[in-house]
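Engineer: Here is what each chain is made of, one letter per residue.
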Amino acid sequence: MNKISHPILSMAVSRVGLGLLSLLIVSLVIFFSVSLLPGSYASAILGQNATPEAVAAMEEKLGLNQPAIWRYFAWLGAAATGDLGTSFAGRPVMTVLGPRLLNTITLASITALIAVPLAIVLGIVCARFRGRFIDKFLSTSTLASISLPEFLVAYIVMMVFAVKLQWFPSMAGIRSSMDLGEQLYRMVLPILTLLLVILAHMVRNTRAAILSVMSSPYVEMARLQGESEGRVVMRQALPNAIGPIASVVALNLAYLISGVVVIEVVFVYPGVGQAMIDAVRNRDVPVIQACALIFAAAYIGFNLIADVISIISNPRLLHPR
Amino acid sequence: MSKLHHRQIDDLVTRLRRGQLSRREFLARSSALLAAGAVAGIPGAAPGQALEPKSGGLLRLGLHNASQNDSLDPGTWSTSWTGASFNGGVYNNLVEIMPDGSVAGDLAESWEVEPGAKVWHFKLRPGVTFHNGKDLDAEDVRQSLEHHMKPDSTSGARAIVQQIEKIDAPSADTVVITLTEGNADLPYLLSDYHLSIYPALQGGGIDMESASGTGSFTLESFEPGIATRLTRNPNYHKNNKPYLDEVEFINIVDSSARLNALLTGEVDFIQDLDIRNVPMVERSADFAVQRIPSLRHFTFDMDTRVAPFDNPDVRLALKYALDRSDVIDKVFLGEGTQGNDNPVAPIQKFYHEMPAREHSIDKAKEHLAKAGLNSVNVDLSVAENAFFGAIDAATLYQEHAARAGININIVREAADGYWENVWLKKPFCAVDYFGRATVDWLFSTSYTTGAPWNSGWSNARFDELHQLARAETDEAKRTAYYVEMQEILRDDGNIITVAFVDWRNAVANRVGFGEVGGLMPLDNMRMCERWWIKD
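Keeping their order, the protein sequence lines are chains A and B. First residue of the first sequence? That's 1 in the numbering used here, and the numbers climb one at a time after it. First residue of the second sequence? That's 322 in the numbering used here, and the numbers climb one at a time after it.
Simulated from the structure, these hints should not be mistaken for lab results. Heads up, some of the hints might be wrong.
Unchecked claim - Using 27 Å as the maximum straight-line C-alpha spacing, the simulated DSS-like pairs for lysine-lysine come out as follows:
(1) Lys855/B - Lys61/A
(2) Lys670/B - Lys691/B
(3) Lys61/A - Lys686/B
Claimed, not checked - Restraint ranges, calculated between C-beta atoms of paired labels, are given here:
(4) Pro676/B - Thr86/A: 49 to 57 Å
(5) Ser605/B - Leu184/A: 44 to 52 Å
(6) Met178/A - Ala801/B: 30 to 38 Å
(7) Thr106/A - Asp856/B: 32 to 40 Å
(8) Glu430/B - Thr95/A: 36 to 44 Å
(9) Asp607/B - Leu21/A: 28 to 36 Å
(10) Trp70/A - Val732/B: 31 to 39 Å
(11) Pro239/A - Thr552/B: 55 to 63 Å
(12) Asp713/B - Asn65/A: 33 to 41 Å
(13) Pro149/A - Asp812/B: 37 to 45 Å
(14) Asn561/B - Leu118/A: 38 to 46 Å
(15) Ser605/B - Met178/A: 23 to 31 Å
(16) Ser492/B - Gly98/A: 46 to 54 Å
(17) Asn830/B - Gly181/A: 25 to 33 Å
Given the structure is predicted, the values throughout are model-derived calculations rather than measurements. Every residue gets a Cβ at the ideal spot worked out from N, C-alpha and C, and that includes glycine.
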């Protein structure tokens, strides 16, 4: 075991280093693309009170009259020490984003806890009963839900369960003052929508990964030895399909953290995606930067974990030819 | 009431809205119908209107412009969310704008103005306390106004308080405001939502931490960008007010989500109903569409320093060439009142009613000929966010104007950055104006020579009248000045007003309210203390 774990550790360390480099590049790109956007915080905030004088006073106060390169390095220096700075409105970025991030993580975790096991089981079932009714049914319905844009899925879910049946509230606007039961009750519809969106992707990929292993010679060999089809899937195919499955799961988990903006907006869920939209609209650069870092870190982190899992399940990957 | 009469009234209301009928004609014809004993209540008057307010209940409001940057610093407020929840709920101003558009004392009981409108004496209402029990005094008022006057102030009210030279507090219940030059509209300016009165701190400044105001409600919880909840202030200084026990402001950005929240009973009121959803709300028995005439207007602005807009006859030709009722029917689906190339709204004090600008190809041609032209080519800059339906409106305008030999080339600009890069920079562009509560304020923001939002227009007589009217406290003289100014703007000015639009909301029938003010959104930001729940 020692022989394996050591190279994995060093691989993980180098991946983390690359990840940090990616974060740096992301922050650079975001910072300068925001400064390319027309408009400024001052004119966005002042709206129809934005006389030239008021705009100038606000830009001076926020240091926006300094060169962009200087502002970037000032921000980077602080960020390196873990200080994400204060939003242009004067509140620490972590105070602005903290509760929102918590909401996003809660929604993502509950969805993932349901979606990941369910998707893998359904994927295995499809692979095991390939070509049968259950496989055809699941493949067609997941194809349909992949093809629908997520906002449409959200509106359909809302129309059926909130407007027509009235089982659940149309708004998932949870507040810190609500008890856990009510929060969960309000989160049902967004969770359901997210399940429909991500299940499809994961089920189809699980099925495809297992089926591609199923066509390899050693599976044929196992079958010739008389193993049952169920045992072939579970013992021979699944362990060897873990790599691809892990990467599709990682992709979907990262999506749950960073990509659910549309669903947040439709269900009025106070997550971090809405916070980023709000910040972009106001050109509130420190908050935009922090959001981008969080999202990029989620992608990099989950993909790193997926890579480690695939390498453990298939040590050959450690020694690329 | 008979169906026939109902339909006749509906028809009158529609024609009034579209500007095919003057107000006077409308009143004459509708009262004739009323006299025939036909109608109990005029349709179009909101069903929420009931005479007797009731106490108690929770009102939930679905608004859409909360931001995570919202704070209790009044200088940072820029939305109807902060205006209605903080200014209209937790705090008060010295004065308030009544639903009929007049200005009345709020924390100030009364005021007197010295001749020349430069020095103003405000007497504070006795017995007013902040939520923390502190008595209101003149120092609170002084510090609250000076908060916006600091040299490095980033307040949205900066342009207003710049007119103030100094503020004195000679006694605990008197505030004397001295202006740099006379302005007869000062009370209106003091109703601006930024100018909320906060408790002063020892040694200067105001207490923005404790959320302690004099308002009808205390702040129970505030989650920036998400929700604000208010609880009734039992010691409020107005009789019986507020009627509600609690008010909750809920931020719902997406207009479909807002409509769903109303239809599923999650909120009792939604702001800015999408015009495409109007029929859906009107069909329902539990909800009604609320249309409050406002100051907001959509225009095409011309830069008069640039040819051909420097020629007044070309400007008039462009004004005559636009068929406004066609645009209102097809683009705004009938929601809007025809503009008259006058930025002053019909609900505004000193509004001068002039015959509606007709759509006349002949007159457009006539004015082009006067300018020595057979035809003219212009570029019109628009974007989807310039105003609602701006691109479609420009397309219709292009067709109308082509008949008069005016070739409009529509330039589609990027929506992002439209206000920074196109407005006031391109010579002919579409604009969405929220208006200003007073005529003087409106003119000095956008129409006097060198005003910050003026696209190059300059008229010596207009500027002269503006100076005269500003310090004039004699209403009759002031009216005469403003009448002339509005005529100058219409005939010589740089804007083509397409339409004035309403604050269009949807409201559950269980919500009660009286006459609703439209100078500012949400009942002049005072819905918290003016509205009630009927059941």
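Engineer: Work down the list of hints and note, for each, if the structure agrees.
Structural biologist: We went through each hint and held it up to the structure:
1. Lys855/B - Lys61/A: 48 Å, violated
2. Lys670/B - Lys691/B: Violated, at roughly 35 Å.
3. Lys61/A - Lys686/B: 52 Å, violated
4. Pro676/B - Thr86/A: 49 to 57 Å: 56 Å, holds
5. Ser605/B - Leu184/A: 44 to 52 Å: 31 Å, violated
6. Met178/A - Ala801/B: 30 to 38 Å: The hint (30 to 38 Å, Cβ to Cβ) is violated, given that Met178/A and Ala801/B are roughly 60 Å apart.
7. Thr106/A - Asp856/B: 32 to 40 Å: 36 Å, holds
8. Glu430/B - Thr95/A: 36 to 44 Å: 41 Å, holds
9. Asp607/B - Leu21/A: 28 to 36 Å: 58 Å, violated
10. Trp70/A - Val732/B: 31 to 39 Å: 36 Å, holds
11. Pro239/A - Thr552/B: 55 to 63 Å: 60 Å, holds
12. Asp713/B - Asn65/A: 33 to 41 Å: 40 Å, holds
13. Pro149/A - Asp812/B: 37 to 45 Å: 51 Å, violated
14. Asn561/B - Leu118/A: 38 to 46 Å: 57 Å, violated
15. Ser605/B - Met178/A: 23 to 31 Å: About 29 Å separates the Cβ atoms of Ser605/B and Met178/A, which means 23 to 31 Å holds.
16. Ser492/B - Gly98/A: 46 to 54 Å: The hinted range 46 to 54 Å holds for Ser492/B and Gly98/A, with Cβ atoms some 47 Å apart.
17. Asn830/B - Gly181/A: 25 to 33 Å: About 31 Å separates the Cβ atoms of Asn830/B and Gly181/A, which means 25 to 33 Å holds.
In terms of the numbered hints stated before, the structure departs from hints 1, 2, 3, 5, 6, 9, 13, 14, listed from lowest to highest.
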